[in-house]
Amino acid sequence: MTWNNFIWFALPAMACWCGAGTTIYHKRGSTPANWLMLLGIAIFAVFIIGFWMHLERPPLRTMGETRLWYSFFLSSVGYVAYRRWRYPWLLSFSAVVATVFVLMNLMKPEIHSKSLMPALQSNWFVPHVTSYILSYAMLGAATIGAIIQLNRPQGYAPGIFDLIDNLIYIGYGFLMLGLLMGALWAKAAWGHYWSWDPKETWAFITATAYVAYIHIRLRKGTASETFALWMLPVAFVLLIITWLGVKYLPAAQGSIHVY
Amino acid sequence: MTSINKRKFWQSPWGYPESIAVTAGIIAIGIILQLTVGSFNFYLLAFPSNLIIAGLLTAACVTMGFKAPNNHWVRWLSGVSMAVSLLMGLLILGIIMGFTPQQADETATNSKPGFDIMTRSWPFVLIYSLTLLSLGTLNARRLIAFRWRDYAFYLNHIGLWLLLMASGLGYADMERYVMYVREGETEWRVYDDENNIRELPLAIELKDFDMDVYPPRLAIIDRHNGQVLPFENPQFFAIDTDTPTGVLAGWTIQLEQYIHQAVRNSDSTYREVPMPGASPAVLVRAYNDSLLRKGWVCAGNQTQMVMTLSLDDHHSLVMTTAEPRSFESDIVVYTKDGKQKSALLRVNHPVSVGAWTIYQYGYDNNAGRLSAFSSFELVYDPWLMPVIAGIIMMMLGSVCMLWIGRKVKTTKHDLE
Ligand code: HEM
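One line per chain: the protein sequences are H and Y, in this order. When we follow the working numbering, the leftmost residue of the first sequence carries the number 1, and every step to the right adds one. When we follow the working numbering, the leftmost residue of the second sequence carries the number 1, and every step to the right adds one.
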């Protein structure tokens, strides 16, 4: 299965997700929404597996390939979190964002060659990148929650902080695993676990922002709650810079991570 | 904590306002130091001073945490408001660093407050040190009141403390060199990053160097200026026997035969010969609406000529230089005390000998597979063990956070 087949999986998957994201708001819509969401995820998974087999290496190298996983994980995580917490917006937002990333891949496909440079041929490669992408999906979902809450004049949605905090703890766990595995990998590949390369600097910034959120939440009080809520969109902007923006920064000329 | 609202600024017990003020003050002092005495000199921390500092730091944390866990000041120093302020301080310094191109040179700085050498600037070093003190005291204070159910807390915080302490203080003791060894020879001289030659208590013999490449790519170039077509958006066709047909700048390309290790015959065809001088070659058919061409294309190397397929008066089909798939050196390491160790060194697969780790670094890029030498990076890092221990503890701590999430009921109440 090559990149040329992508559109035949992308379109049905997006249709399923958007269908799920809208029917969820209708009375008696929750069963079809559940099935549509799962069907979309399954279609997408089939493409990823086929593409992986075609490439003979995990599709994790180019930006386009990592966006594939982001769509996949965000829809899956959104679905699981919806089943756990029962917020319909969680399902529809993750469906929309997953769709946006599929559209980006359709509009701006990138060259997908089979070659993988020797430094990337490591057992750390797959867990490192998937862990990061999973965490981005979780932290993205938590950010959506925070933004919705910030725009809610009538006070806290019931259980909203429990939801956000759990997503942050889990997302943070994956983020840190990704970072630490990256450090062990860098040690094996380049001789040092941390070189303050621009991508690493931004990974440090992102992790610090979420650790700060975790500690701000240890104290009660409206001021710290509001501050914590505002912290999340800011942290997510930092995350996006780390993930997508680093290569455009003047500070990143000569980074080993730019691809 | 209702008293927080009533007490005045600087009146104990301290909370957020004082923590923020202290953090900001320390950053300000750091900037002043940077402007007056210049950058922090990391090499002052070289052995044994780093060991002494580590000892003093640990002693200070343990004394405060064990002897006075309930003292106002100790609680403040190791409390949540200080942690948040320090983290925000690190965050802000980090963001400045993220936007400022950093100088690779250890001492050069073009910016007065040292933002372009952030990790060696006083504000960063001071906030980092205070974080170590705060975190260490917290660890001691929580260890004296040990509870098994706090395992996730210990893993994360002790792990982070070990990691920050050993990586920061150990930096000055790290040594990195590059060694070039010719095939069949034994070498003990290395170059440091200023290209000075040194002799190590360690020698490496290179028995053999070998590499493999990926199938290269095809492209159509303008013969006059060598540019790849189309100029605005150069196209390449990756050779892959699973997808033998492709389109390049209006030409359809069809692969007829691919030989990974090919040698040229006298009649300009190729045959398979597995030997170091061989190079990938491909027999292709290229056609557009009016023309059809067929022939061999080869990127060549130091022993074989390049072979291109001319398409019309201006254009040729060429092969790009193959990208390396893997390269490896068959080596023997000898130490002063007579030990010897054989290894097959590859990227991502270093070997360790004592506190030294040896990495496959490079080879003669122009010669590729024919390279007569291989280069190695040798890294000496005596502080590696506590760093790795910290990383592993934090990985376990992260798994705990994944697994437990935030326990909704317990956390909010029993912290103060
Ligand atoms: C990898 C980084 C870190 C993680 C994952 C982390 C995580 C946590 C978590 C989950 C808690 C609540 C646990 C509990 O209630 O037992 C906590 C508490 C705390 N953390 Fe951290 N933390 C990190 C770094 C830091 C740093 C750098 C500091 C200080 C500079 C710090 C200071 C504190 C303090 C003061 C508490 C409250 C503990 C108490 O009052 O006893 N943490 N941290």
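Quick caveat, the hints were computed from the structure, so don't treat them as lab data. You may find that some hints are simply not true.
As the list claims (entries may be wrong) - The calculated lysine to aspartate or glutamate pairs, modelled on DMTMM-like cross-linking and capped at a C-alpha distance of 25 angstroms, are:
hint: 1; chain 1: Y; residue 1: LYS8; chain 2: H; residue 2: ASP197
hint: 2; chain 1: H; residue 1: LYS199; chain 2: H; residue 2: ASP162
hint: 3; chain 1: H; residue 1: LYS247; chain 2: Y; residue 2: GLU232
hint: 4; chain 1: H; residue 1: LYS199; chain 2: Y; residue 2: GLU232
hint: 5; chain 1: H; residue 1: LYS27; chain 2: Y; residue 2: GLU175
hint: 6; chain 1: H; residue 1: LYS220; chain 2: Y; residue 2: ASP105
hint: 7; chain 1: Y; residue 1: LYS112; chain 2: H; residue 2: GLU56
hint: 8; chain 1: H; residue 1: LYS247; chain 2: Y; residue 2: GLU323
What the hints assert, rightly or not - Just so you have them, the derived chain Y footprint on chain H, three or more residues with Cβ under 8 angstroms:
hint: 9; segment: 83-92
hint: 10; segment: 209-215
These numbers come from a predicted model, not from an experiment. For every residue, glycine included, the Cβ atom is placed at its ideal position computed from N, Cα and C.
Comparing the hints with the structure gives:
Pair hint LYS8 (chain Y) plus ASP197 (chain H) does not hold up; C-alpha atoms about 44 angstroms apart against a cutoff of 25 angstroms. Proposed proximity of LYS199 (chain H) and ASP162 (chain H) is contradicted: the alpha carbons are some 31 angstroms apart, above 25 angstroms. Among the hinted pairs, LYS247 (chain H) with GLU232 (chain Y) is consistent with the structure: their alpha-carbon atoms are about 21 angstroms apart, no more than 25 angstroms. Among the hinted pairs, LYS199 (chain H) with GLU232 (chain Y) is inconsistent with the structure: their alpha-carbon atoms are about 29 angstroms apart, more than 25 angstroms.
For the suggested pair LYS27 (chain H) and GLU175 (chain Y), the alpha carbons sit about 67 angstroms apart, so the restraint of at most 25 angstroms is broken. About 46 angstroms separates the Cα atoms of LYS220 (chain H) and ASP105 (chain Y), which puts this hinted pair outside 25 angstroms; it is violated. For a cut-off of 25 angstroms, the pair hint linking LYS112 (chain Y) to GLU56 (chain H) is broken: about 51 angstroms separates their Cα positions. Proposed proximity of LYS247 (chain H) and GLU323 (chain Y) is supported: the alpha carbons are some 23 angstroms apart, at most 25 angstroms.
Figure legend: the segment 83-92 of chain H, annotated as covered by chain Y; annotation inconsistent (0 residues with Cβ-Cβ distances under 8 angstroms, at least 3 required). Counting residues of the segment 209-215 of chain H whose beta carbon lies closer than 8 angstroms to any beta carbon of chain Y gives 4, which reaches the threshold of three, so the coverage claim holds.
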